[in-house]
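S.K.: Can you make the complete structure from the sequences, with help from the hints?
The primary structure of each chain is shown beneath.
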Amino acid sequence: MSCTVTVQQSLPPTEPQPCKSQRLPGVDGFWAFIGFDCVIFAVLFFSFLQARHGDPALFEASRRTLDSNLAGLNTIILLTSSWMVALAVQAVKRDELDRVPRFVFGGVSAGLLFVLFKSVEYGHELAAGITPATNAFSMWYFTLTGIHVAHLLVGTSLLAYVGTKSRQRAYHSRHRAVLESVATFWHLVDVLWIVLFPLLYLQR
Amino acid sequence: MEDGGRLETQKVALWCNYVFVALTAIGWLGIAHFILPARADLGLDATKVWYTQSHRMGVLVGCTIFYIAAGLLTPGSIQFGIMLAKIEGRRPVMAITTAVCGVFISLIVFFNCCAWVVAAYRPQTGADVIQSWNDWAWMAFLLGWIYLTIEMLATGIVELMDRRPRPMVPRWMTWFTFGGAIALFTAAGPAFTKSGPFAYHGLLAYYIPVAIWGAYISLTTWFMMKELGREGSESTPGVLHRDRPAVAAADRAPAL
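As given, the protein sequences belong to chains F and E, one line each in that order. Residue numbering for the first sequence follows this note's numbering, starting at 1 and increasing by one per position. Residue numbering for the second sequence follows this note's numbering, starting at 1 and increasing by one per position.
Take the hints with a grain of salt, since some may be wrong.
Residues from chain E shown here face chain F by an in silico Cβ test under 10 Å; the list is partial [stated by the list, open to error]: (1) Gly-89; (2) Ile-157; (3) Leu-160; (4) Thr-186.
Derived coverage of chain F by chain E (criterion: at least 3 residues anywhere in the stretch with Cβ under 8 Å from a Cβ of chain E; other residues may be distant) [claimed, not checked]: (5) 27 to 34; (6) 38 to 51; (7) 76 to 85.
FYI, nobody ran anything at the bench for these hints, they're computed from the structure. As the structure is a prediction and not an experimental result, all values here were calculated from the model. C-beta: ideal position from N, C-alpha, C; glycine also.
M.R.: Set out below in structure tokens:
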């Protein structure tokens, strides 16, 4: 079925014009992957909450051992990186191709900074004798943040790839689906952390 | 006539996947009661009671059905590989990977069934021996996630190579396959814990991976079956397929 609209004020008045594309950003079907990942994380979050409900005192005591300042800093870093990546997508849409690699590699730098701070945080915890085997909270903490860091490393690698390609001007306003897909995945990584941060560090 | 015959054989091989899923649900999840298995933290004596009293006959019958089903996964997996090889063309590394991993999984399931049957076989066997067989079977079953992940990734990669206007498997299913392949990682948990969602009776280690496995086999078989139907009608004189340019003859010939 063709998608057409009749524009009242343009000439000729009865001539149908193609409507704007209603496609989702990214390559065809990619949102199924995003949706599936969200469902898996939702199950993980629900399972964590259920475990927390079973032993709130232990979870609260363990939560207090975490460094929420470093995690808060990482939240700002990830939000900044998402903003950078969104700017890169806007630049591609406007065919401002010189700006695209700068924004994308800004996102890559932020991703690497997140990994650096997270490694410092893990180092402090391990030095304090907190490991995944310590208790139920630490098992969940290392599992959830570990899976998130794995996502982040994949996302950073993909950003570095599209950043390199964008230097070669591989993407432009009519050919941007791959860049959009990677950007969408990066925003997912960001959103997951936005949920994880209060869930692990702030929830009393 | 020869082509029609080959199509029928391929359809039968794909149907084996449906039969595998159905027999697994009936035999293993239902009759053997693995829908609610003996928990990893159940304890020695309770595990022995589970296998030798509460569900002994169910395990013997259900696991017998399950290993028969596992045998049927072999032709089904090979047919997955053949369907994918039609897309991948010559030297179909990924398609062969899919087929071989499917056969591996078939064997893994067979040996799991043997172990569960052994656990229920002699009521006089010691509780520690029964628990060890049970643990071994679960570890072999769930830690086999790596073969399923590789199979699903290989399948998804080939599906992305299908550039036709109407691909064999729709893109949303391909990306679901990738998502499922990655999510199977949670089945690595049972080696490290005996309770909670990552234990071998848990939501993340057991139920979600098994659901992903079932959905992947059922849905991929469904789309491949439709593709075979289209192949059949394309070879029928007088039927037009404007949206499906024929795959090049060289690409059609699977090199498996």
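S.K.: Does each hint fit the structure? Answer for all of them.
M.R.: Taking the hints in turn, this is what the structure says about them:
1. Gly-89: 22 Å, violated
2. Ile-157: Given a least distance of 14 Å, the restraint on Ile-157/E is violated.
3. Leu-160: Check passed: Cβ of Leu-160/E comes within 9 Å of chain F, closer than 10 Å.
4. Thr-186: Result: holds, 8 Å to nearest chain F Cβ.
5. 27 to 34: holds (count 7)
6. 38 to 51: It holds: at least three residues are needed, and the region 38 to 51 of chain F offers 5 whose Cβ sits within less than 8 Å of chain E.
7. 76 to 85: Check failed, 0 qualifying residues.
Taken one by one, the earlier hints fail for this structure at numbers 1, 2 and 7, listed in ascending order.
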